[in-house]
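Fit chain U to the known structure of chain P by using the hints.
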Amino acid sequence: MKTKAFLSGNEAVAEGVRLVSPHVIAAYPITPQTGVVERLAEMVEDGSIRAGFLNVESEHSALSAAIGASAVGARTFTATSSQGLLYMAECLHYASGGRFPIVMMNANRSLALPWSIYGDHRDSLSLLDSGWIQVYVEDAQESLDMVIQCYAIAENLKVLTPVMLNLDGFTLTHTYELVELPTKDEVQEFLPAFDTPYKMDFENPKNMGFSSTPADNMEFKYQQHKAVLDAKKIIREVDAAFKERFGRGYGGLVDAYKCDDAEMIVVCLGSTTGTCRTVVDELREEGWKVGVLKIRFMRPFPEEDIIHYTRNTKAVAVIDRDISFGYEGTVYTNVNSALAKTGRDILKLNFIAGLGGRNISKDNIREIFIELKEGMEGKKKEHVRFLGLGVSVDE
Amino acid sequence: MNRPVLKKHIKPKHIREYPVGPCYEAGHLVTENATWRTQKPIIHIEKCTTCYYCYLCCPEGVIFKEDKKVKIDYAFCKGCGICAKVCPKKVIQMIREGETYG
Chain P
67 MKTKAFLSGN EAVAEGVRLV SPHVIAAYPI TPQTGVVERL AEMVEDGSIR AGFLNVESEH
127 SALSAAIGAS AVGARTFTAT SSQGLLYMAE CLHYASGGRF PIVMMNANRS LALPWSIYGD
187 HRDSLSLLDS GWIQVYVEDA QESLDMVIQC YAIAENLKVL TPVMLNLDGF TLTHTYELVE
247 LPTKDEVQEF LPAFDTPYKM DFENPKNMGF SSTPADNMEF KYQQHKAVLD AKKIIREVDA
307 AFKERFGRGY GGLVDAYKCD DAEMIVVCLG STTGTCRTVV DELREEGWKV GVLKIRFMRP
367 FPEEDIIHYT RNTKAVAVID RDISFGYEGT VYTNVNSALA KTGRDILKLN FIAGLGGRNI
427 SKDNIREIFI ELKEGMEGKK KEHVRFLGLG VSVDE
Chain U
56 MNRPVLKKHI KPKHIREYPV GPCYEAGHLV TENATWRTQK PIIHIEKCTT CYYCYLCCPE
116 GVIFKEDKKV KIDYAFCKGC GICAKVCPKK VIQMIREGET YG
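The listed protein sequences derive, respectively, from chains P and U. Adding 66 to a residue's 1-based position in the first sequence gives its number in this note's numbering. Adding 55 to a residue's 1-based position in the second sequence gives its number in this note's numbering.
Just chain U, same shape as in the assembly:
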């Protein structure tokens, strides 16, 4: 799965370097977007059956597969809890942001 790569935004020096109106190459991300998250999903990976139902339901598209494991991109996860709600095995737990699991 392709995860968007964060690109550093360099302020253009001349107006000609700006895109013409708000139209630019897709996938050009300059900022992370997760600061309003108060709850964070944690996957109990040892019990996960990798059914990917959470991946299908995530409205932000931040759940992805890496090394045959399901992972969450916390730089963009808003903490909505849909993944925890839909997980058939109930192995995703929502914890308060700032707390650590275990």
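With the rest of the complex left out, here is chain P:
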């Protein structure tokens, strides 16, 4: 019989970490990620994880400690959120440039000012260029399963790149669901102990984290770029192997829902997807040809999948829980770049929604599809629109 447990997103991540058994956990608590750190500390104390738990004085130290542990070939885990993620920004580049396969959970939360503990994607998306693989999940089961998959991706010797696992703050981190738990034996069979030739070793001394002159630096950056691009294939393979072993697959880099014959598609990340699917089902009953495309991986970016699933589409809306002030949402910029390569004339609209924890309702999603429909019928539409503003912004 399969074991099931009633877990929050945070607790599901902690259970995933218990199953992959890292050697070192170094994390600093921050709302809304705190539950992960608390649970892992308890697991280390009661012996259900045989890991060293490092109490660090900041997020900068947490990731620095994880880098040090990873340099001796240890499997390492850390977790953060929002301001904490920004505080470790310097170390993010150290970890990716050093090719340390660290897995980090990030609870997506707004950035100050105004101070807010609630969710949006501005924290992780502002660090899209830090060289990390970024995955966004939508429920507790996917959170647990992806902890396991993230290690399989990061530790693949063709990838050797850290992975950031993003959960929507509160909406996912604090929501309880029934989650299926694989056994430790099953997980360890799927994910063998990490073994790398690129580590500090008494028998085989290495110079690690060295500098390079302008004559060689660019080659290392090319290598990093190639590794993250090559990760696309590994991500799909790991997901397929996971599905084979555990019966749950997530579609690799994207998850497409009713996209094949859809005239209009909404593109989104994370926990918003569930709401979008419900609205798609309702609109389908009313005769609308609509679909939703969840981008799971923002890096490497699933350009080919986006082009594939929008091949029969006339209009695409991108929901951004993010805004690059003075231009548009970052997810939109990426999706637009992919769609532009097709040369097809598609209506593309960007909706900025859910900033600072504002709820994204079914009515909001329905409004997006109405906007797309009116745009397709020739009505002029705002290219970038803040959805669900509570006040008029008419000039």
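No wet-lab data here; the hints were simulated from the structure. Do not rely on the hints blindly, as some may be mistaken.
As the list claims (entries may be wrong) - Here are the simulated DSS-like pairs of lysine-lysine, each with C-alpha atoms no more than 27 Å apart in a straight line:
(1) U:Lys102 - P:Lys272
(2) P:Lys292 - U:Lys66
(3) P:Lys272 - U:Lys62
(4) P:Lys287 - U:Lys140
(5) P:Lys380 - P:Lys447
(6) P:Lys380 - P:Lys439
(7) P:Lys324 - P:Lys224
(8) P:Lys287 - P:Lys324
(9) U:Lys95 - U:Lys66
(10) P:Lys287 - P:Lys68
(11) U:Lys68 - P:Lys265
(12) U:Lys62 - P:Lys287
(13) U:Lys145 - U:Lys123
(14) P:Lys414 - P:Lys447
(15) U:Lys68 - U:Lys95
(16) P:Lys439 - P:Lys428
(17) U:Lys95 - U:Lys120
(18) U:Lys63 - P:Lys265
(19) U:Lys123 - P:Lys224
(20) U:Lys102 - U:Lys145
(21) U:Lys63 - U:Lys126
(22) P:Lys287 - U:Lys68
(23) U:Lys63 - U:Lys120
(24) P:Lys224 - U:Lys66
(25) P:Lys407 - P:Lys299
(26) U:Lys63 - P:Lys272
(27) P:Lys272 - U:Lys68
(28) P:Lys355 - P:Lys447
(29) P:Lys292 - U:Lys68
(30) U:Lys66 - P:Lys287
(31) U:Lys95 - P:Lys272
(32) U:Lys145 - P:Lys272
(33) U:Lys95 - P:Lys265
(34) U:Lys62 - P:Lys265
(35) P:Lys324 - P:Lys414
Unchecked claim - Cβ-Cβ distance ranges computed for the label pairs, FRET-style:
(36) P:Arg377 - U:Gly82: 44 to 50 Å
(37) U:Ala130 - P:Arg116: 44 to 50 Å
(38) U:Ile97 - P:Arg116: 52 to 58 Å
(39) P:Ala404 - U:Tyr129: 53 to 59 Å
(40) U:His83 - P:Met284: 17 to 23 Å
Just so it is clear, the structure is predicted and the values come from calculations on it, not from any experiment. For glycine and all other residues, C-beta sits at the position ideal for the given N, C-alpha and C.
Coordinates of chain U only, in the frame set by chain P:
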């Protein structure tokens, strides 16, 4: 004492010949590193008692023993003057770079 041997850096022809990330065999030195030195330590070897206290204190590890004498690897010495400061017999003298002793 093993002194690092300078190896000539040959630019690889293919990206596959590059190390995977900044991780390579230890002791692989391709450049000297002493160009910012303005002062240079000189050991008055005839008065040196070979106590090796300078060797212990040198932050760059450039002081070494050869033919029962204490020597300095000037290719890597930064000229910090710690050896001259700590020498119990005061037989290490700092001179301006470019000047010659005696």
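Verification of the hints:
1. U:Lys102 - P:Lys272: 39 Å, violated
2. P:Lys292 - U:Lys66: Status holds; Cα separation ~20 Å.
3. P:Lys272 - U:Lys62: OK: Lys272 (chain P) and Lys62 (chain U) at ~16 Å, within 27 Å.
4. P:Lys287 - U:Lys140: Roughly 44 Å separates the two Cα atoms, so the pair is violated.
5. P:Lys380 - P:Lys447: 15 Å, holds
6. P:Lys380 - P:Lys439: 10 Å, holds
7. P:Lys324 - P:Lys224: 33 Å, violated
8. P:Lys287 - P:Lys324: Answer violated: Lys287 (chain P) to Lys324 (chain P) is near 38 Å, above 27 Å.
9. U:Lys95 - U:Lys66: 33 Å, violated
10. P:Lys287 - P:Lys68: 45 Å, violated
11. U:Lys68 - P:Lys265: 25 Å, holds
12. U:Lys62 - P:Lys287: 24 Å, holds
13. U:Lys145 - U:Lys123: Holds: Lys145 (chain U) and Lys123 (chain U) sit about 19 Å apart, inside 27 Å.
14. P:Lys414 - P:Lys447: 10 Å, holds
15. U:Lys68 - U:Lys95: 39 Å, violated
16. P:Lys439 - P:Lys428: 17 Å, holds
17. U:Lys95 - U:Lys120: Given pair Lys95 (chain U), Lys120 (chain U) holds - Cα atoms ~18 Å apart, limit 27 Å.
18. U:Lys63 - P:Lys265: 25 Å, holds
19. U:Lys123 - P:Lys224: Violated: Lys123 (chain U) and Lys224 (chain P) sit about 50 Å apart, past 27 Å.
20. U:Lys102 - U:Lys145: 9 Å, holds
21. U:Lys63 - U:Lys126: 24 Å, holds
22. P:Lys287 - U:Lys68: With a Cα-Cα distance of about 16 Å, the restraint between Lys287 (chain P) and Lys68 (chain U) holds, given a limit of 27 Å.
23. U:Lys63 - U:Lys120: 25 Å, holds
24. P:Lys224 - U:Lys66: 23 Å, holds
25. P:Lys407 - P:Lys299: 21 Å, holds
26. U:Lys63 - P:Lys272: Holds. Lys63 (chain U) to Lys272 (chain P) sits at ~18 Å (cutoff 27 Å).
27. P:Lys272 - U:Lys68: Cα-Cα ~23 Å, so holds.
28. P:Lys355 - P:Lys447: The hint holds at about 20 Å.
29. P:Lys292 - U:Lys68: 17 Å, holds
30. U:Lys66 - P:Lys287: 16 Å, holds
31. U:Lys95 - P:Lys272: Violated - the C-alpha atoms of Lys272 (chain P) and Lys95 (chain U) are around 31 Å apart, more than 27 Å.
32. U:Lys145 - P:Lys272: Violated, at roughly 38 Å.
33. U:Lys95 - P:Lys265: 37 Å, violated
34. U:Lys62 - P:Lys265: 23 Å, holds
35. P:Lys324 - P:Lys414: At roughly 19 Å apart (the allowed maximum being 27 Å), Lys414 (chain P) and Lys324 (chain P) satisfy the hint.
36. P:Arg377 - U:Gly82: 44 to 50 Å: Since the Cβ atoms of Arg377 (chain P) and Gly82 (chain U) sit about 55 Å apart, the hinted range of 44 to 50 Å is violated.
37. U:Ala130 - P:Arg116: 44 to 50 Å: 47 Å, holds
38. U:Ile97 - P:Arg116: 52 to 58 Å: 56 Å, holds
39. P:Ala404 - U:Tyr129: 53 to 59 Å: 57 Å, holds
40. U:His83 - P:Met284: 17 to 23 Å: 20 Å Cβ-Cβ, so the 17 to 23 Å window holds.
In summary, the structure is inconsistent with hints 1, 4, 7, 8, 9, 10, 15, 19, 31, 32, 33, 36 from the numbered list given earlier, while agreeing with the others.
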